[in-house]
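K.L.:
The primary structure of each chain is shown beneath.
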Amino acid sequence: MEVRHLEVEVRTEANIAVLDMKGEINGFAEEAMNAAYAEAEAGDPGTILLNFERVDYINSTGIALIVGLLARARAARRSLLACNLSEHYVEIFNITRLSDFMSVFPDEKTAVGEAMES
Amino acid sequence: MTDPKPARAGADLGRTLADFSVPSEPGNERLAMQTVAATASRLGVDGQDLERLKTAVGETTMNAMEHGNGYGSGVPVEIQVLVSHGDLLVRITDEGSGPPPREDGDEPDLEAKLEGMQKARGWGLFLIKSMVDEIEITGDEGHHTVELLVHLETEGGK
Chain A
0 MEVRHLEVEV RTEANIAVLD MKGEINGFAE EAMNAAYAEA EAGDPGTILL
50 NFERVDYINS TGIALIVGLL ARARAARRSL LACNLSEHYV EIFNITRLSD
100 FMSVFPDEKT AVGEAMES
Chain B
0 MTDPKPARAG ADLGRTLADF SVPSEPGNER LAMQTVAATA SRLGVDGQDL
50 ERLKTAVGET TMNAMEHGNG YGSGVPVEIQ VLVSHGDLLV RITDEGSGPP
100 PREDGDEPDL EAKLEGMQKA RGWGLFLIKS MVDEIEITGD EGHHTVELLV
150 HLETEGGK
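Chains as they are written, first to last, in numbering that gives the first Met the number 0: chain A, 0 to 117; chain B, 0 to 157.
In short, the hints are calculated from the structure, not lab data.
Source: prediction; values computed, not measured.
Check the hints yourself; a few may be wrong.
Sample of chain A residues lacking proximity to chain B, with all beta carbon distances greater than 10 Å (derived) [to be verified]: (1) Asn14; (2) Glu40; (3) Ala41; (4) Pro44; (5) Glu52; (6) Thr60; (7) Ala63; (8) Asn83; (9) Thr95; (10) Asp99; (11) Thr109; (12) Gly112.
Derived list of chain B stretches under chain A, where covered just means 3 residues or more per stretch with a C-beta under 8 Å from a C-beta of chain A [claimed, not checked]: (13) 40-53; (14) 56-68; (15) 89-100; (16) 142-148.
The calculated label-pair distances, taken between Cβ atoms and stated as ranges, are [to be verified]: (17) A:Ala37 to B:Glu114: 18 to 24 Å; (18) A:Asn14 to B:Lys118: 48 to 54 Å; (19) A:Asp43 to B:Ser96: 20 to 26 Å; (20) B:Arg101 to A:Ser85: 26 to 32 Å; (21) B:Gly97 to A:Asn33: 47 to 53 Å; (22) B:Gly69 to A:Ala34: 27 to 33 Å; (23) B:Glu110 to A:Glu116: 35 to 41 Å; (24) A:Pro105 to B:Ser40: 22 to 28 Å; (25) B:Gly97 to A:Ala41: 45 to 51 Å; (26) B:Asp45 to A:Ala75: 39 to 45 Å.
Just so it is clear, CB atoms sit at the ideal spot from N, CA and C, and this is done for glycine as well.
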């Protein structure tokens, strides 16, 4: 079956780097995610926001990649946030406890507002 | 993927609704997810219950392809969907040898993973168990089988 490889674009909103992800977060996504994260880190933002609006599939390998990004954020004392997760993946973030370590927001506007107030 | 075989009356465990296989190649868990979801939706499984079932099937199929079949594209993962006594059963079989994985394997510890004390992977079995009502893992010399059970009478899933 043809896999929809992950595409990630990085943009900046104030001191927040936003990673707009599109496609599937699975074992094939590692290079794209790490490259985008490195690009985001280069600007030394206080917060990095993962936008899942156009992500249609996350498997356990994808969860491991997100865990890796979270570890990097924590090591650099950066906040890592998530927005636009579907209800199902909000549940997965909860049961894996990812949501204990990275705040999950319903949309980008709410996430950015919260980050700017922090 | 082999075309799903027509439903047949099972003499042992209810009615088989789908019986198919997928080659053990990364990404093919999506085929398994789609086919099982299409079958389950005809039984009224929908919404979040359907998403949970899809995740469980996807993760189980991935484990079968990777750990059971070593991602050998010529080695298929066999999948059956059955309904019996108000339960939906999904049976996923690989050609792994040796002891099957334990159902009560160690739970992933996110804090340990963040501290680098556990590898970042290892979420599959945990997700599977979280997404369905029951799971049973069996094995013999040439196969491992994981059976996922969803109670349909209680609107399926957790």
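K.L.:
For every hint, state whether the structure bears it out.
P.N.:
Comparing the hints with the structure gives:
With a closest Cβ-Cβ approach of about 23 Å to chain B, A:Asn14 is found to remain outside the 10 Å limit, as its non-interface label requires. Once the 10 Å rule is applied to beta carbons, A:Glu40 is consistent with being away from chain B; the minimum gap is 17 Å. Taking the minimum C-beta to C-beta distance to chain B, about 23 Å, the non-interface status of A:Ala41 holds against the 10 Å cut. With 10 Å as the threshold on Cβ separation, the claim that A:Pro44 sits away from chain B holds: the shortest Cβ distance comes to roughly 20 Å.
Every Cβ of chain B is farther than 10 Å from the Cβ of A:Glu52; the closest lies at roughly 17 Å, confirming the non-interface assignment. Against chain B, the non-interface label of A:Thr60 is violated: not every CB pair exceeds 10 Å, the least being about 7 Å. In this structure A:Ala63 is not separated from chain B by more than 10 Å, as the shortest Cβ-Cβ distance comes to only about 4 Å. For A:Asn83, the requirement that its beta carbon stay farther than 10 Å from each beta carbon of chain B is met, with the minimum near 16 Å.
A beta-carbon of chain B is positioned within 10 Å of the beta-carbon of A:Thr95; the least distance is around 6 Å. Consistency note on A:Asp99: stated as away from chain B, yet its beta-carbon is not over 10 Å from all of that chain's, at 8 Å minimum. The non-interface label for A:Thr109 is consistent with chain B: the shortest C-beta to C-beta separation is roughly 22 Å, beyond 10 Å. For A:Gly112, the requirement that its beta carbon stay farther than 10 Å from each beta carbon of chain B is met, with the minimum near 26 Å.
Requiring three or more residues with a Cβ within less than 8 Å of a Cβ of chain A, the coverage given for the stretch 40-53 of chain B holds, as 3 such residues are present. Counting residues of the stretch 56-68 of chain B whose C-beta lies closer than 8 Å to any C-beta of chain A gives 3; at least three are required, and the coverage claim holds. By the rule of at least three residues with a Cβ nearer than 8 Å to a Cβ of chain A, the coverage given for the stretch 89-100 of chain B is violated, with 0 such residues. Residue count for the stretch 142-148 of chain B with a Cβ under 8 Å from a Cβ of chain A: 0. That is fewer than the three needed, and the coverage hint is violated.
Under the hint 18 to 24 Å, the C-beta atoms of A:Ala37 and B:Glu114, about 22 Å apart, fit the expected range. A hinted range of 48 to 54 Å for the beta carbons of A:Asn14 and B:Lys118 is inconsistent with their spacing of about 32 Å. Taking 20 to 26 Å as the suggested C-beta distance range, the pair A:Asp43 and B:Ser96 does not conform, at roughly 51 Å. Under the hint 26 to 32 Å, the C-beta atoms of B:Arg101 and A:Ser85, about 31 Å apart, fit the expected range.
About 34 Å separates the C-beta atoms of B:Gly97 and A:Asn33, a value inconsistent with the hinted range of 47 to 53 Å. For the hinted restraint 27 to 33 Å between B:Gly69 and A:Ala34, the CB-CB distance of approximately 29 Å keeps it satisfied. At about 27 Å, the beta-carbon gap between B:Glu110 and A:Glu116 misses the expected band of 35 to 41 Å. Look at A:Pro105 against B:Ser40: about 26 Å separates their beta carbons, and that is inside 22 to 28 Å.
Taken as a hint, the range 45 to 51 Å holds for the pair B:Gly97 and A:Ala41, whose Cβ atoms sit roughly 46 Å apart. Between B:Asp45 and A:Ala75 the Cβ separation comes to about 42 Å, which falls inside the hinted range of 39 to 45 Å.
When the structure is compared with the earlier hints, violations turn up for hints 6, 7, 9, 10, 15, 16, 18, 19, 21, 23 and for no others.
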